[in-house]
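Heads up: the sequence lines are chains A and B, in that order.
For the first sequence, position 182 (counting from the first letter as 1) is numbered 182 according to this note's numbering, and the numbering increases by one without interruption.
For the second sequence, position 119 (counting from the first letter as 1) is numbered 1119 according to this note's numbering, and the numbering increases by one without interruption.
Some hints here could point you the wrong way.
[To be verified] Under 8 Å between C-beta atoms, here's a sample of chain B residues computed to sit facing chain A:
id : residue
1  : H1032
2  : L1035
3  : H1037
4  : V1042
5  : S1044
6  : H1047
7  : W1056
8  : T1058
9  : T1122
[Stated by the list, open to error] As a list, the in silico SDA-like pairs of lysine to any residue whose alpha-carbon atoms are at most 20 Å apart:
id : chain 1 : residue 1 : chain 2 : residue 2
10 : A       : K225      : B       : V1046
11 : B       : K1104     : A       : K305
12 : A       : K225      : B       : F1108
13 : A       : K225      : B       : D1036
14 : B       : K1106     : A       : K305
15 : A       : K305      : B       : D1036
16 : A       : K225      : B       : E1060
17 : A       : K225      : B       : D1072
18 : B       : K1054     : A       : S228
19 : A       : K103      : A       : R66
20 : A       : K225      : B       : D1089
21 : A       : K103      : B       : K1104
22 : A       : K225      : B       : V1127
23 : B       : K1106     : A       : R66
24 : B       : K1106     : A       : L176
25 : A       : K195      : B       : P1102
26 : A       : K225      : B       : P1102
27 : A       : K225      : B       : F1065
28 : B       : K1106     : A       : L172
29 : B       : K1106     : A       : R130
30 : B       : K1106     : A       : D174
31 : B       : K1104     : A       : P177
32 : B       : K1054     : A       : L229
To be clear, the hints were calculated from the coordinates, so they are not data collected in a lab.
Predicted model only: the values in this text are computed from it and were never measured.
Every residue gets a Cβ at the ideal spot worked out from N, C-alpha and C, and that includes glycine.
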Amino acid sequence: MSAKSDSDPFDGAVFRAGLLAGAVLLAGRPDLAGAHGFAGDRFFPATILTDDPFVADEMSLPTFTRPPTAADGTHEFDLDVDIAKRITPDLGFTIGQGWVSSKTPGMPTVTGLSGLHTGLQYQLFIDPQREMMALAGLNVSWAHTGRVAALGASDFTTITPTFDFGKGFGDLPDTLPYFRPFAITGNLSYDFPTKPGSAGLPNPNNFNYGFAFEYSLEYLQHHVKDVSLRPPFDHLIPLIEVALSTPVNRGLSRNTTGTVQPGIIWAGPYYQIGAEAIIPVNALSGKGLGGLIQLHLYLDDIFPKSIGRPLLQW
Amino acid sequence: MAVAKPTIVLGAWLALAFLASVVLGSAGAFAHAFLDHAVPLVGSTVHGSPGEVKVWFTQELEPAFSSLRVVDQNGAQVDRQNNAIDPGDRAVMKVSLPSLPPGKYKVFWHVLSVDTHTTEGTFSFEVVP
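Required output: the full structure, derived from the provided sequences and hints.
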């Protein structure tokens, strides 16, 4: 190859790099590792019970849930759809709704929609070195968007400021290699109902708190030590989720409810599949065991050049 | 009327689900590039200096925006700074190493997959006599 061709601006590699750089500039910045839960080496999967600490372009379609039997003996089956969409790389919104089939002993089966819920989210920060991230949000559950009388959907709107965080333990010393795949995500939020009561019952303000404790086999295999895990086991993330809600006023402050949900998530390149058992924390939260399964799609990976991008980068 | 409203909303969700399934069926094969495996193995101890570090990814890479480097315990880069994508398999990246003294080394990878998704990561290996 001649000296001229070595410096030729239309040399194959240089030309390709130029074309790619141009495409990247035209399309906006590359989809940096903030998409669907990356913080440095750490990949946070989309948890099922608790909110995620990151904005994303994702869709849960569907989530099938069989909750524990209610205190009055009611059996329920839920089908939910949730969508998360970025507006900018750091600002996003969520929207979701469910369909419920409910059977109370001695009564006919009732079906219908549960309430519509939406959220606006802002990514406060992502720290790749410390595998940390945090998000602030404002969730709204909308009145009269489900079957109020038959299924108990809300006849009032609830506004809920939220704070979500995530932390991976990959920065632990090398002397603790098998602890480094651990990670935790958590939520704190507070409900502000727009009506003090409905149908003769109080609507209290609630303090909501929850966390997900995860052990990422993906992190172990690809960032800590090759322990010969092969697909699909090298993309499994066992976890346990806990979510609790405590009313703080209107005479209900001892009525904490919630569930503990051990399970497992398999996270692939385009979607993840999760399954969890549902264990009520007390009699108020139900009795017996429930369970759920979810298919969760990564829109940014499936449609990287269209609806998977932030709206303002289309 | 009381039944029509939830039916319409449920219908809208089902239509969205149908649309998503149709579009998904025609979606291209793109995704973030994850590390699949590496030589030396992630977190391994090797006897004698390896001649190179080679990393297999789950997606094909863009060479102009992908890099692989190796540093020692002091953070000094020790590879020959000739990282390249394997022309026979664009999902593989490698970099040559000089003769390394015993010690711990860290590999940093930063790659751009062919659909412009960027990912990065690290892993370590140790050289013993």
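A quick look at each hint next to the structure:
A distance limit of 8 Å between C-beta atoms decides the matter here; for B:H1032 the minimum to chain A is near 6 Å, and the interface restraint holds. Because the smallest distance between the Cβ of B:L1035 and any Cβ of chain A comes to about 5 Å, under 8 Å, the interface hint for this residue holds. A hinted interface residue such as B:H1037 counts as satisfied when its beta carbon comes closer than 8 Å to some beta carbon of chain A; here the least separation is about 7 Å, so the hint holds. With a cut of 8 Å, the hint placing B:V1042 at the interface with chain A holds, because the nearest CB-to-CB distance is about 4 Å.
Annotation: B:S1044 was flagged as interfacial toward chain A, and the flag holds, the nearest CB pair being 6 Å apart, inside 8 Å. With a cut of 8 Å, the hint placing B:H1047 at the interface with chain A is violated, because the nearest CB-to-CB distance is about 16 Å. For B:W1056, the suggested interface contact is broken, since its CB lies about 11 Å from the closest CB of chain A, more than 8 Å. The closest approach between the C-beta of B:T1058 and any C-beta of chain A is roughly 6 Å, which is under the 8 Å cut-off, so the hint is satisfied.
Annotation: interface hint on B:T1122 holds; nearest CB of chain A at approximately 6 Å, less than 8 Å. Proposed proximity of A:K225 and B:V1046 is supported: the alpha carbons are some 13 Å apart, at most 20 Å. Among the hinted pairs, B:K1104 with A:K305 is inconsistent with the structure: their alpha-carbon atoms are about 40 Å apart, more than 20 Å. For the given pair, A:K225 sits about 15 Å from B:F1108 by alpha-carbon distance, which is consistent with the 20 Å threshold.
Of the supplied pair hints, the one linking A:K225 and B:D1036 holds, its CA atoms being roughly 12 Å apart against a limit of 20 Å. A hinted pair counts as satisfied when its Cα atoms are at most 20 Å apart, and B:K1106 with A:K305 does not qualify at roughly 33 Å. Distance hint between A:K305 and B:D1036 is unfulfilled; the C-alpha atoms sit about 24 Å from each other, more than 20 Å. The hinted pair formed by A:K225 and B:E1060 fails the criterion: a straight-line CA distance of about 24 Å is larger than 20 Å.
Among the hinted pairs, A:K225 with B:D1072 is consistent with the structure: their alpha-carbon atoms are about 18 Å apart, no more than 20 Å. Under the criterion of a C-alpha separation no larger than 20 Å, the hint pairing B:K1054 with A:S228 is consistent with the structure, at around 17 Å. Distance hint between A:K103 and A:R66 is fulfilled; the C-alpha atoms sit about 12 Å from each other, no more than 20 Å. Between A:K225 and B:D1089 the CA atoms are separated by roughly 24 Å; this puts the pair beyond 20 Å, and the hint is violated.
As the CA atoms of A:K103 and B:K1104 are separated by approximately 62 Å, the hinted pair breaks the 20 Å bound. Among the hinted pairs, A:K225 with B:V1127 is consistent with the structure: their alpha-carbon atoms are about 15 Å apart, no more than 20 Å. Of the supplied pair hints, the one linking B:K1106 and A:R66 is violated, its CA atoms being roughly 46 Å apart against a limit of 20 Å. Between B:K1106 and A:L176 the CA atoms are separated by roughly 16 Å; this keeps the pair inside 20 Å, and the hint holds.
Using a Cα cut-off of 20 Å, the hinted pair A:K195 and B:P1102 is violated, with the two alpha carbons roughly 69 Å apart. Restraint check for A:K225 and B:P1102: satisfied, since their Cα atoms lie roughly 19 Å apart, inside the 20 Å limit. A hinted pair counts as satisfied when its Cα atoms are at most 20 Å apart, and A:K225 with B:F1065 does not qualify at roughly 27 Å. For the hint pairing B:K1106 with A:L172, the CA-to-CA distance comes to about 15 Å; that is within 20 Å, so the pair holds.
Using a Cα cut-off of 20 Å, the hinted pair B:K1106 and A:R130 holds, with the two alpha carbons roughly 17 Å apart. With a C-alpha separation of about 12 Å, the suggested pair B:K1106 and A:D174 falls inside the 20 Å cut-off, and the hint holds. With a CA separation close to 14 Å, the supplied pair B:K1104 and A:P177 stays within the 20 Å bound. This hinted pair checks out: B:K1054 and A:L229 have alpha carbons roughly 19 Å apart, not beyond 20 Å.
The structure does not agree with the numbered hints 6, 7, 11, 14, 15, 16, 20, 21, 23, 25, 27 stated previously, though it agrees with the rest.
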